[in-house]
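Novice: If you're matching them up, the sequences are chains A and B in order. Remember, the working numbering sits 1 above the position in the first sequence when you count from 1. Remember, the working numbering sits 1 above the position in the second sequence when you count from 1.
For the record, the hints were derived by calculation from the structure and aren't laboratory data. Since we're looking at a predicted model, the values are computed, not measured. Among the hints, erroneous ones may be present.
In this list, chains with the same sequence are indistinguishable; a pair is considered to hold if it fits within one copy or across any two.
To be verified - The calculated lysine to any residue pairs, modelled on SDA-like cross-linking and capped at a C-alpha distance of 20 Å, are: (1) K245 - D201; (2) K146 - G60; (3) K210 - C16; (4) K165 - F242; (5) K94 - A137; (6) K51 - Q64; (7) K210 - Q187; (8) K101 - Q167; (9) K185 - Q197; (10) K165 - T98.
Number of protein chains: 2
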Amino acid sequence: MTDKNFTQPVIILVCPQMAENVGMAARAMMNCGLCQMRLVNPREDHLSEKAVAASSGAGEILQNAEIFTSVTEAVADLNVLYATTARRRNQIKTVYTAEKVMEPLNSAIQSGSRCGILFGPERTGLENDDVSLADAIIEIPLNPKHCSLNLSQAVLLVGYEWYKTQINAPAEQFITNATHPASKEQLLKFLEFLEQSLTDFKNLQDEEKRPTLLRNLHNIFTRGQMTEQELNTLYGIINHFRQK
Amino acid sequence: MTDKNFTQPVIILVCPQMAENVGMAARAMMNCGLCQMRLVNPREDHLSEKAVAASSGAGEILQNAEIFTSVTEAVADLNVLYATTARRRNQIKTVYTAEKVMEPLNSAIQSGSRCGILFGPERTGLENDDVSLADAIIEIPLNPKHCSLNLSQAVLLVGYEWYKTQINAPAEQFITNATHPASKEQLLKFLEFLEQSLTDFKNLQDEEKRPTLLRNLHNIFTRGQMTEQELNTLYGIINHFRQK
């Protein structure tokens, strides 16, 4: 029992059947920066070779996993508890999507509460009595005709939604490696050079077609967001043609 | 080659190694309402017993999968192509998160374009040349210290982000089964009944403590968003105490 970290939700696997699935769940947790796993009556050894292999480098999470003999013990020190379930059964409770639940969950954590998320056994999911211990239900929106998920995939999707709230990944970025996006001046110089290289091109001599043609060329190379390196490549190609 | 459906992205697995992973990817696709799979040079038989078992009911996707011998052939009829990759290598390209890419992807589909998403082989991921065919890169934001994903999990996360844009799942809802949330009138009647049942309770007789106590009781039962059935349960319990 090391390194308790209540700045993130505890992942509680209730009666997981296959050690391999526990290992894969640990891998999914690590993918999402989650490190606290609790197991309630796991059927197989969660430190077996199979489990560790399936965890694919997340053996530390398995090593640190805490084992309990009942759900009530496993959640005793927590303040807020969510139950992940695909079926709603006889419950009177708030149901959140995996995305939306991160709002109340993070806000509870920020006000000092310890949060946990329950996941049921592979075949049957959580029992009604376990769900009734939870403050709210988490549902992962999936194709209703085929919503059965592998245990580790359920952990992955919930963990992924949590991880997204923890980082500020730029939603969209233009990557250019060693080179830079060309400045407008560099681009316009290139377009002038291209135009000069085309003085004997028939359509450019046609006064009616000329403006549209030039505009099209500007659009092609502006839309492409050229880098300096790419402009140099194009200069080389045009020079090659001109020397022919 | 049946039932082409370009209202959703085509999932293209490049050189998948294990038939089991192809099956699990099909399962993940079905979870997310995706049905068009293309395979480029799969190493194993995607219709093997192992693959079909791993697809867990998504055998139809495997049956309908189209097989190609090169990525260029597999993407020939598409207009817009995205490459899923964890490493950026030497590319000059826009990188979207799995969530954000659904905006340009859906908008391309709505304007009649055929879209595809490339996923690389298990160990190595996509080759640089394959990535260069793509209009943009999709990155799944994950723990940078441990971002290696199983093939089917990458398909699941991207598919999940797509599926979320296709549905209007209420982000939060209160489920009550057969019963209804109590009206304010019903709740206040219950609170009056509770108050009357407590006439001999010391703190209620204390004129200083009385207002706070009543306010607390109102808060407890208002915050809990009681249903009609639950109020009836509480009436029963209070009557039981009163008869003692």
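Novice: Does each hint hold? Answer for all of them.
Specialist: Results of checking the hints against the structure:
1. For the homomeric pair K245 and D201, the shortest alpha-carbon distance inside one copy (14 Å) is at most 20 Å, but the shortest distance between copies (108 Å) is not.
2. For a Cα distance limit of 20 Å, the shortest separation of K146 from G60 across copies, 14 Å, qualifies, whereas the shortest one inside one copy, 35 Å, does not.
3. Proximity of K210 to C16 under the C-alpha cut-off of 20 Å is found in neither arrangement, the shortest distances being 74 Å within a copy and 47 Å between copies.
4. Proximity of K165 and F242 under a CA criterion of 20 Å is satisfied in neither setting, with 50 Å inside one chain copy and 50 Å between copies.
5. With identical chains, the CA atoms of K94 and A137 are at most 20 Å apart within one copy only, with a shortest distance of 6 Å there and 42 Å across copies.
6. Only within a single protomer do K51 and Q64 lie at most 20 Å apart by alpha-carbon distance; the minimum there is 14 Å, versus 31 Å between protomers.
7. For a Cα distance limit of 20 Å, the shortest separation of K210 from Q187 qualifies neither inside one copy, at 25 Å, nor across copies, at 78 Å.
8. Both within a single protomer and between protomers do K101 and Q167 lie at most 20 Å apart by alpha-carbon distance, with minima of 14 Å and 16 Å respectively.
9. With identical chains, the CA atoms of K185 and Q197 are at most 20 Å apart within one copy only, with a shortest distance of 18 Å there and 80 Å across copies.
10. Taking identical chains as interchangeable, the C-alpha atoms of K165 and T98 lie at most 20 Å apart whether they share a chain (14 Å) or sit on different chains (10 Å).
Comparing the model with each earlier hint shows violations of hints 3, 4, 7; every other hint is respected.
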